[in-house]
Structures are given as structure tokens and as C-alpha cells.
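Trainee: Residue strings, one per chain:
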Amino acid sequence: MLHKDVLISLCQARDMLRDTGDGTLSVQDVAREVGMSPFHFIRLFKAVFGETPKQCQLRARLERAKVLLMMTEASVTDICMEVGFSSLGTFSYVFARRVGVAPSAYRAAARSMMKVPGETPKQLIPGCLSLMSGSPG
Amino acid sequence: MKIKLNSIFVDDQDKARKFYTEALGFKVSKDIPVGEFKWLTVVSPEGPDDLELVLEPNANPAAKAFQESILEQGIPITGFEVDDIQAEYQRLKDLGVVFTMNPTQAGPVTVAVFADTCGNLIQLYQAGA
Numbered sequence: 001m002l003h004k005d006v007l008i009s010l011c012q013a014r015d016m017l018r019d020t021g022d023g024t025l026s027v028q029d030v031a032r033e034v035g036m037s038p039f040h041f042i043r044l045f046k047a048v049f050g051e052t053p054k055q056c057q058l059r060a061r062l063e064r065a066k067v068l069l070m071m072t073e074a075s076v077t078d079i080c081m082e083v084g085f086s087s088l089g090t091f092s093y094v095f096a097r098r099v100g101v102a103p104s105a106y107r108a109a110a111r112s113m114m115k116v117p118g119e120t121p122k123q124l125i126p127g128c129l130s131l132m133s134g135s136p137g
Numbered sequence: 138m139k140i141k142l143n144s145i146f147v148d149d150q151d152k153a154r155k156f157y158t159e160a161l162g163f164k165v166s167k168d169i170p171v172g173e174f175k176w177l178t179v180v181s182p183e184g185p186d187d188l189e190l191v192l193e194p195n196a197n198p199a200a201k202a203f204q205e206s207i208l209e210q211g212i213p214i215t216g217f218e219v220d221d222i223q224a225e226y227q228r229l230k231d232l233g234v235v236f237t238m239n240p241t242q243a244g245p246v247t248v249a250v251f252a253d254t255c256g257n258l259i260q261l262y263q264a265g266a
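Order-wise, the sequence lines are chains C and E. So the first sequence is residues 1 to 137, counted in my numbering. So the second sequence is residues 138 to 266, counted in my numbering.
No lab work stands behind these hints, which were simulated from the structure alone. None of these values were measured; they are calculated from a predicted model. Built from N, CA and C at the ideal position, the CB exists for glycine as well. Do not rely on the hints blindly, as some may be mistaken.
Stated by the list, open to error - Cβ-to-Cβ under 10 Å is the rule here; a few derived chain C residues that face chain E:
1. GLY50
2. GLU63
3. SER112
4. MET114
As the list claims (entries may be wrong) - Here are the simulated PhoX-like pairs of lysine-lysine, each with C-alpha atoms no more than 25 Å apart in a straight line:
5. E:LYS155 - C:LYS54
6. C:LYS54 - E:LYS164
7. E:LYS139 - E:LYS164
8. E:LYS164 - E:LYS152
9. E:LYS152 - C:LYS46
10. E:LYS230 - C:LYS46
Unchecked claim - According to the in silico footprint, chain C covers these stretches of chain E (three or more CB under 8 Å from chain C):
11. 200-211
12. 215-225
13. 235-242
14. 254-265
Take these sequences, add in the hints, and give me the full structure.
Mentor: What follows is the structure in C-alpha cells.
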């Protein structure tokens, strides 16, 4: 059984992994921060969150990149660095593979849906329930 | 007026689809693309078959904050009724599901709590056990 303190540690670890700012931590760093061996940490994290710490970190980076592509004027290269990639080639490849389109194409598509520059694009706020009300069933 | 939907937030709909069908044994009812996300619902094969659980993306920052805070406090987001909680507990445990509470008598019910791999805790309960 997972003790409450361990659950809290895992939640904190997830926060650290998702922090895409400066001083990005490696999985080993995060395991050390929460006082677990890397092996134990990775196994437990996957069982609770359904993905490895590395996958969690990558997903957070790509989500942050999407927001920056939509909401800022920063270049793709700057965004790539900002979310913790050191190579533009790797970033573009991983982004395209996971998201389905290249970063620049993602930006163009998101922009075309914005009525007012700077508004929160509707992709960020899925209104599933309101959108689909009446149609299911 | 009828209650036909209940929804929970999940941090990734593909993960959710996998866990809620493969581990919990629910069946996908609707899987309709909505922009980047999906209108994804599951039903229980044990019924009622018109009561759907919506696996809703937590992409809204408010949803994310709510989900994370409730998880960190160890509070289950919803509960599912089972006929034999010990058997269900053992079955899920064997699949690698992590419990934060083993089956425990709580007044007229026995409850257990597990992590759904999508950022939630879920309570199982068996009435009259």
C-alpha cells in the first residue's frame, strides 16, 4: 500500500519534472530530491501516474511549448531552449511526432483560430460538456 | 431530467482510455474528436449501460490545479461500487495498480482507494460488507 507521505512525495516529484524553467532537473536529481533510489522512483511513478518520469517531463515540455507557440511571438528556437531542449532538430522532430504537426504549423493553425490577438485559444480550454451537451446519448 | 453523465478530469485521454478499459474493464461508449481533444466516455458492462463516465481533459489550468490539489490531499475524485471488494482489490493489485488504502471497513461499507494513472484517486466500495 502506498503511504500518504509517499504519495505527496510523488506529487512533488511530478511538479519538479513539469517545471520547465531554468535549472531543469534530471530524473536522477528528482529521485534524490524525494529520497528514493532512481529504480524505485521510476517504478513507483509509472504505477501511480501511468507514465515514466521521463515521459511526464517530455509531455510537460511539449505542452509548455504549445502554449508559448500560441501565446507569444518568441521564435521556435527560443521556445525550444525555453522548454529545455538543447537542439532545435530534436525539438522539432519530437514535437512533430507527438503533436502531429511541426511547431511552426501548430502556431499558424492556432493563430488562425484566434479572433483577438492574445486571447486564450479555445484549445487551451476544452469546453467538452458545454460543447457536446445534447449530442451524447 | 435524468443523470446520464458524470465526468472526471484526466491528465491524458490516451492513458485514461487504456486504464479505464484494460484495467477497470469499462467499455468505450463515445470517442469523438473535438479539436485537440476527444469526447471520450466509458460505460460499465455491469450496467447501467446508459450512464456514462466522461474522461475529460484537464487542459484548463483551473482543472489541473483542482485535480493536483485533491490528489495531494489523498482524496478520491469518485467511487465505483463492486460486489466483491477483496477480489477486485486482488485483481487490480495483480495488474500493478497502486492502492493508497487497502480494503477497510468504514461503517456499513468496505472501501479501498487506488490511483487511476491519470492523476486521480478512485474509491471502490462494497455495500454491506
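Trainee: Does each hint fit the structure? Answer for all of them.
Mentor: Each hint, compared with the structure:
no. : hint                : result
1   : GLY50               : holds (3 Å)
2   : GLU63               : holds (8 Å)
3   : SER112              : violated (13 Å)
4   : MET114              : violated (13 Å)
5   : E:LYS155 - C:LYS54  : holds (19 Å)
6   : C:LYS54 - E:LYS164  : violated (30 Å)
7   : E:LYS139 - E:LYS164 : holds (21 Å)
8   : E:LYS164 - E:LYS152 : holds (14 Å)
9   : E:LYS152 - C:LYS46  : holds (12 Å)
10  : E:LYS230 - C:LYS46  : holds (14 Å)
11  : 200-211             : holds (count 4)
12  : 215-225             : violated (count 0)
13  : 235-242             : holds (count 5)
14  : 254-265             : holds (count 3)
Checked against the numbered hints above, the structure breaks hints 3, 4, 6, 12 and satisfies the rest.
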